[in-house]
Amino acid sequence: MNPWPLRSRSFAAGMLLAMLACALSLPPARMLIEQSMLWHMAVQMPMLVAAGSLLMRSAPTAGLLDRFTGWNAFGLTGFIAAQGIIAYWMLPLAIDRAVVLPATDVLKIVSLLACGALLARAFARSVAVVQLFFLGYAVSMLGSLGLYLLGTNRRLCNAYSLESQFSAGVSMLILASALAIAWTGFTLRRREGSRGPEQGAVASRAIEVTALCDLQRDTGNRPASPCPLVSVPLADALHPRAKIAEGVGKAQDLRLEPGGVDSGVQA
Amino acid sequence: MEPNSLPATERPGESAAGLWRTFLASTLVLAASLGLLFAATEGGSASTTETLRRSAVMRAPQPIPDLLVIDATGTSASLLARRAADPRVWIVDFVYTQCTSVCLSLGTVFQQLQAEIIARGLQDRVGLVSVSFDPARDDAPALLAYASRWRIEPRVWQVLTLARPGDRRRLLDAFGIMVIPAPLGEFEHNAALHVVDAAGRLVRIVDHDDPGRALAVATALTR
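Chains as they are written, first to last, in the numbering used here: chain A, 1 to 267; chain B, 1 to 223.
Hints listed in this document are in silico derivations from the structure and should not be mistaken for laboratory results. Computed from a predicted structure; not experimentally measured. Among the clues, some could well be false.
[To be verified] Sample of chain B residues facing chain A (criterion: CB under 7 Å; computed from the structure):
# : residue
1 : SER33
2 : GLY44
3 : SER45
4 : ASP86
5 : LEU104
6 : THR108
7 : ILE118
[Claimed, not checked] In silico contact screen, one side only, chain A against chain B (beta carbon under 8 Å); selected entries:
#  : residue
8  : ALA73
9  : LEU91
10 : ASP96
11 : LEU147
12 : GLY151
13 : ASN158
C-beta: ideal position from N, C-alpha, C; glycine also.
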């Protein structure tokens, strides 16, 4: 599959979203985010994160960025940084400042674009469990903020009216649910797509064999015959489809039948 | 989110060295995030502009600005001159006389305070000041109407507005009031009770539904 069309589509969508989101910070559209907490928190901010994410996905994966991947195993560093940025922009005082001070508004745009970029990178590098942990945390943060905004009679932002705060609360809840549903759907679909019932069995055998082979290599216990396999590190085998598919492909090339692993290694 | 777009050949992140570097980087990033949040919220105590404003005033009293104001009789004078001529501690609120929303409760609160001050004989120690931030509509007759609507006793409670509408920004900034226009010519703003000492310094900001505390703070200052 040629990666270019997807990449340029990501780039175009990311640029478009980024420009629309920036336009919301400039007159005349600025009126919308100045008067409505919903437009500010539930439209502009998510747009910036999505734009950053799309732009990062369109960036070439090799090169400068890869220098930093050693500092970002399983996307952990990226997730934590993104979480910090999101937590800051949930503070009512930060929201007020972004409305009143243009410099803070610029900081908001830059940091939320960066947040999206970090998330794109982190999601691409992480297994589902890690994703679930951070997504679950973000969803519960958004959800409880939404409930609080809905329930309180106290104006939290000096910049917004109580009614505006209420509708922002509703939209936070919708956003939280949408994120949870989207991630679950996406993850389930990917799992489904990556292994059918038969393929799954073969893939798990292939992974076992690989692990065994790696173990033997690491401990110096070389198998009698040259280890024929597929070098799929376990961490890769746990998640990315490409690697599993690759492993399955090679395992099948070796006519490695499900259940026939032992003969495969020892032959 | 598409794992297929990973660099296929090398994944340095998952090597042993990568895990250590990631551990180091994540810890630093986590510490930096928590530090930032801690600093932004004054150690977790303030998440809104309002709480931040109140704790800043409590820590360091702020001088009130010298602006030309007019009262309900149409007399104009500088705010600081009025302050200097009055030995009492002031409790100040910000209103606009056309208000039909939150300043109505501010009016009620001031009315209660006025009754309390007279009942306790505190009128020589504590004074009430309502300042209009809507000088375009609030002239002396409007202030007079407001005064009669709330049955204001001039010896306790005075109503002021800006003589120069251009000073509005300075007034609001000095007290940390944010006014946002609302439908039907209304305004929405952070309503509170501001205690200003005889030296002309804003020393405390109290919730508008806690007038007892405002009065306690004010009387404590006069001892």
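Going down the list of hints, with the structure as the test:
Contact between SER33(B) and chain A, as hinted, is supported at the beta carbon level, the nearest pair being about 3 Å apart and thus within 7 Å. Because the beta carbon of GLY44(B) sits about 11 Å from the nearest beta carbon in chain A, more than 7 Å, this interface hint is broken. The criterion of a C-beta within 7 Å of any C-beta in chain A is not met by SER45(B), whose closest approach is roughly 11 Å, and the hint is violated. Look at ASP86(B): its Cβ only gets to about 29 Å from chain A, farther than 7 Å, so that hint breaks.
Annotation: LEU104(B) was flagged as interfacial toward chain A, and the flag is violated, the nearest CB pair being 15 Å apart, outside 7 Å. The beta carbon of THR108(B) is not positioned within 7 Å of any beta carbon in chain A (closest approach about 17 Å), and the interface hint is therefore violated. The beta carbon of ILE118(B) is not positioned within 7 Å of any beta carbon in chain A (closest approach about 31 Å), and the interface hint is therefore violated. The interface hint given for ALA73(A) is met, as the beta carbon of that residue sits about 4 Å from the closest beta carbon of chain B, less than 8 Å.
The beta carbon of LEU91(A) is positioned within 8 Å of a beta carbon in chain B (closest approach about 5 Å), and the interface hint is therefore held. For ASP96(A), the suggested interface contact is upheld, since its CB lies about 4 Å from the closest CB of chain B, less than 8 Å. The closest approach between the C-beta of LEU147(A) and any C-beta of chain B is roughly 16 Å, which is over the 8 Å cut-off, so the hint fails. Checking GLY151(A) against chain B: minimum C-beta separation of about 16 Å lies over 8 Å; hint violated.
With a cut of 8 Å, the hint placing ASN158(A) at the interface with chain B holds, because the nearest CB-to-CB distance is about 4 Å.
When each numbered hint is compared with the structure, violations occur for hints 2, 3, 4, 5, 6, 7, 11 and 12.
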